[in-house]
Amino acid sequence: MAPKLPPHHSLQHSSTTATAGGQVHDDHDHHPQPRGIMRWLLTTNHKEIGSLYLIFSLIMFFVGGIFALVVRAELFQPGLNLINPEFFNQMTTMHGLIMVFAAVMPAFTGLANWMIPLQIGAPDMALPRLNNFSFWLLPVAFILLLSTLLMPGGGPNFGWTFYAPLSTTYAPPSTTFFILSLHIAGVSSILGAINIVATILNMRAPGMRMMDMPLFVWTWLITAFLLIAVMPVLAGVITMMLMDINFGTSFFDAAGGGDPVLFQHLFWFFGHPEVYIMILPAFGIVSAIIPCFARKRLFGYASMVYATASIAVLSFLVWAHHMFVVGLPLAAELFFMYTTMLIAVPTGVKVFNWITTLFRGSITFEVPMLFALAFVVLFTIGGFSGLMLAIAPADFQYHDTYFVVAHFHYVLVPGAVFSIMAAVYFWLPKWTGHYPSEILGKWHFWLSVIGVNLTFFPMHFSGLAGMPRRIPDYALQFADFNLVSSLGAFLFGFSQLIFVWVIIKCVRGGVKAPAKAWDGAEDLEWTVPSPAPLHTFETPPDFKPVQH
Amino acid sequence: MNPVQRTVFRSVLVLIGMFAFAFALVPLYDVFCRITGVNGKVDERAQSLISEEVDQSRWVTVQFITRSGSGLPWILDVEQRQVRVHPGQPTEIDFVFTNRSGVAQSGRAVPSVSPSRASRHLRKVNCFCFEEQRLEAGERIELPLVFQLTRDLPEDVNTVTLVYTLYPVDEDKAQLQAQAAPAPGGDA
Numbered sequence: 001m002a003p004k005l006p007p008h009h010s011l012q013h014s015s016t017t018a019t020a021g022g023q024v025h026d027d028h029d030h031h032p033q034p035r036g037i038m039r040w041l042l043t044t045n046h047k048e049i050g051s052l053y054l055i056f057s058l059i060m061f062f063v064g065g066i067f068a069l070v071v072r073a074e075l076f077q078p079g080l081n082l083i084n085p086e087f088f089n090q091m092t093t094m095h096g097l098i099m100v101f102a103a104v105m106p107a108f109t110g111l112a113n114w115m116i117p118l119q120i121g122a123p124d125m126a127l128p129r130l131n132n133f134s135f136w137l138l139p140v141a142f143i144l145l146l147s148t149l150l151m152p153g154g155g156p157n158f159g160w161t162f163y164a165p166l167s168t169t170y171a172p173p174s175t176t177f178f179i180l181s182l183h184i185a186g187v188s189s190i191l192g193a194i195n196i197v198a199t200i201l202n203m204r205a206p207g208m209r210m211m212d213m214p215l216f217v218w219t220w221l222i223t224a225f226l227l228i229a230v231m232p233v234l235a236g237v238i239t240m241m242l243m244d245i246n247f248g249t250s251f252f253d254a255a256g257g258g259d260p261v262l263f264q265h266l267f268w269f270f271g272h273p274e275v276y277i278m279i280l281p282a283f284g285i286v287s288a289i290i291p292c293f294a295r296k297r298l299f300g301y302a303s304m305v306y307a308t309a310s311i312a313v314l315s316f317l318v319w320a321h322h323m324f325v326v327g328l329p330l331a332a333e334l335f336f337m338y339t340t341m342l343i344a345v346p347t348g349v350k351v352f353n354w355i356t357t358l359f360r361g362s363i364t365f366e367v368p369m370l371f372a373l374a375f376v377v378l379f380t381i382g383g384f385s386g387l388m389l390a391i392a393p394a395d396f397q398y399h400d401t402y403f404v405v406a407h408f409h410y411v412l413v414p415g416a417v418f419s420i421m422a423a424v425y426f427w428l429p430k431w432t433g434h435y436p437s438e439i440l441g442k443w444h445f446w447l448s449v450i451g452v453n454l455t456f457f458p459m460h461f462s463g464l465a466g467m468p469r470r471i472p473d474y475a476l477q478f479a480d481f482n483l484v485s486s487l488g489a490f491l492f493g494f495s496q497l498i499f500v501w502v503i504i505k506c507v508r509g510g511v512k513a514p515a516k517a518w519d520g521a522e523d524l525e526w527t528v529p530s531p532a533p534l535h536t537f538e539t540p541p542d543f544k545p546v547q548h
Numbered sequence: 001m002n003p004v005q006r007t008v009f010r011s012v013l014v015l016i017g018m019f020a021f022a023f024a025l026v027p028l029y030d031v032f033c034r035i036t037g038v039n040g041k042v043d044e045r046a047q048s049l050i051s052e053e054v055d056q057s058r059w060v061t062v063q064f065i066t067r068s069g070s071g072l073p074w075i076l077d078v079e080q081r082q083v084r085v086h087p088g089q090p091t092e093i094d095f096v097f098t099n100r101s102g103v104a105q106s107g108r109a110v111p112s113v114s115p116s117r118a119s120r121h122l123r124k125v126n127c128f129c130f131e132e133q134r135l136e137a138g139e140r141i142e143l144p145l146v147f148q149l150t151r152d153l154p155e156d157v158n159t160v161t162l163v164y165t166l167y168p169v170d171e172d173k174a175q176l177q178a179q180a181a182p183a184p185g186g187d188a
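So the protein sequences, as listed, match chains D and W. Residues in the first sequence are numbered from 1 upward in steps of one, following the UniProt record's numbering. Residues in the second sequence are numbered from 1 upward in steps of one, following the UniProt record's numbering.
A hint or two may mislead.
To be verified - Between beta-carbon pairs, the in silico distance windows are:
(1) D:Tyr306 - W:Arg58: 20 to 30 Å
(2) W:Ile75 - D:Phe62: 28 to 38 Å
(3) D:Asn81 - W:Asp94: 27 to 37 Å
(4) D:Gln397 - W:Val83: 39 to 49 Å
(5) W:Asn2 - D:Gln33: 20 to 30 Å
To be verified - Going by beta-carbon spacing under 8 Å, a handful of chain W positions derived as facing chain D:
(6) Pro3
(7) Thr7
(8) Leu28
(9) Tyr29
(10) Val31
(11) Ile65
Hint data in this document are derived by calculation from the structure and do not stem from the laboratory. What you are looking at is a predicted structure, and each value in this text was computed from that prediction instead of being measured. Cβ atoms here follow ideal geometry from the backbone N, Cα and C, with glycine treated the same way.
Input sequences plus hints: build the corresponding full structure.
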């Protein structure tokens, strides 16, 4: 698939621009560019690596999507119809793991690779070789993870949260491979995060202060700090699991003096910041798109930065709201309930700022804007159901029901995934030099919005009525809701093929885009030609800070 | 060191710190639970009886739940599933261990108290759970639990549940521990 990559066109540009600004990129000029597969294996160019990340994540989005459709097909009707429960468990687990670690996170890292150097006026990432390494760890990690499905005893079947002792004492033999693959993916994210921090802190164009950076850069800086802080905790947890399984320790085994609840504390100490890792860059994307198509400056730039930072800080203080039913003391239930609700304040600031940016703007509804607006509305719905779940006594009823599934899919699918799609439509002209097809894009948007809501909205009702999650069968009264959910899931899944079509079409040709592809686009990336040449900003741009 | 190297160096320090922190949380969590009594963890040493006046005006129900963990074909039974006691009153209950398998094995009953707030007010003077048991094939033994609920047990706690879960003990380790540290007795 390598030859189909978006920056195909950039290769021709590279020869001219690379020699033009010769002294910065010495080693690029003296050695001939490797060709074919070696070009992609050895590339240290942030744009090519960004494209690799994005394409990898798109493929994994479809793999994870197929797993989801297997789950929805089984749940189409009550009874055990298509697959056996053991395989159902593997499908729910793999769907979660692939979507979180192989689809959403690499997509954001890919966008960061492509856009952060362009948005801060840097010639490349600070550590280009490390960048190459962090990408190529990912296919290794996830091929290993997917291969566990073919191993005797099957793949991981304990849910993406891999609670001990399900993932230790009762786990399939392939769990050691699962741990290794997660370690590799974790190393990849950590290296990517270090690279992003090093780039943002050291390589901004002269004159660009921290408070002049575009919000996508800001949100990614904070996300990268979160990654550096919590991925080691995940690595620690899975190392403890590994030792429990293979070396006879008992971190999570009550028989040896350990405690399974400790696993949940450690996991969610990682897990809650992790969910913000998947949403903060989305906030940055939406904060770039909405002002662009409303043709106004973003309202409350500074408050956006502070809101993002406070969400990041709070994310370390709320982890036990995932564990309200493990038997926490009353004081802890109250503490985590209040801190969780507190997160609604900075999030509310953000939603307020987006709406105020729209207020009296001259808005046009191009596809990126449609996705961004859907993000604001649907993410807010997910936020509200999150507030319901934050109420500890109410959570005793909602815990482990489809209400939870509805909540986190609303924040992750029309939240994180829609923001990634918005970003792709927004920046495709910069990547390929062509506008993506508006008509196809609108078909993709509307079918996705309808599909997402058909899939996940009924889950609120089945969850409130008591349908438990992660079970392959259900009581008859949930049949109608599940039928609608399954139909919606297939609609959403298949309409993503339009997305692929749009991208391929856009890479091959289309209406030519100028450097400033959108009317209201402001940031530095719109000052370089479309498509962006392989090497940009080899001499630092003349940056004029805008008054926010 | 150039600025990029400095940033990377600092990030890696944070990284190593957080990895160590994850492991440090294991003992910290244990200590935290033991001090606060959260999570139903109780002191695994014998405690002395407090001679305080028995609060005749108040009844507390104490329930016993016994469970066999995996891998140990034993049965743990209790003579009474439920007793009603006054705070301050020492009570003795007998538990019966039966090894239903054909081989001698060692096992240990791990206690947990619910609600966890009560765990600090439960004093165990003598408990089979302080040490491991070794039962010959088919052997049956009776072991006592002597406990006392202190009078400062919170007013709204009317039922205290003690759960004992049986776990197998690795033979070699069991002998080593038995030789090394005999379970300390109470200083009653």
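Do the hints match the structure? See the list:
Distance hint check: the CB atoms of Tyr306 of chain D and Arg58 of chain W are about 53 Å apart, inconsistent with the given range 20 to 30 Å. The hinted range of 28 to 38 Å is not satisfied by Ile75 of chain W and Phe62 of chain D, whose Cβ atoms lie roughly 53 Å apart. Distance hint check for Asn81 of chain D and Asp94 of chain W: the Cβ-Cβ separation is about 52 Å, which falls outside the suggested range of 27 to 37 Å. Remark: the range hint 39 to 49 Å for Gln397 of chain D to Val83 of chain W is contradicted by a beta-carbon distance near 33 Å.
The hint said 20 to 30 Å for the Cβ distance between Asn2 of chain W and Gln33 of chain D, and at roughly 27 Å that hint holds. Interface hint status for Pro3 of chain W: upheld, as the beta-carbon distance to the closest one in chain D is roughly 5 Å, under 8 Å. Taking 8 Å as the C-beta contact cut-off toward chain D, the hint placing Thr7 of chain W at the interface holds, the least distance being around 4 Å. Because the smallest distance between the Cβ of Leu28 of chain W and any Cβ of chain D comes to about 10 Å, over 8 Å, the interface hint for this residue is violated.
The interface hint given for Tyr29 of chain W is met, as the beta carbon of that residue sits about 5 Å from the closest beta carbon of chain D, less than 8 Å. At its closest, the beta carbon of Val31 of chain W sits 12 Å from a beta carbon of chain D; the interface hint therefore is violated under the 8 Å criterion. Violation of the interface hint for Ile65 of chain W is found here, the shortest Cβ-Cβ separation to chain D being roughly 14 Å, above the 8 Å cut-off.
In this structure, the hints that do not hold are numbers 1, 2, 3, 4, 8, 10 and 11, in rising order.
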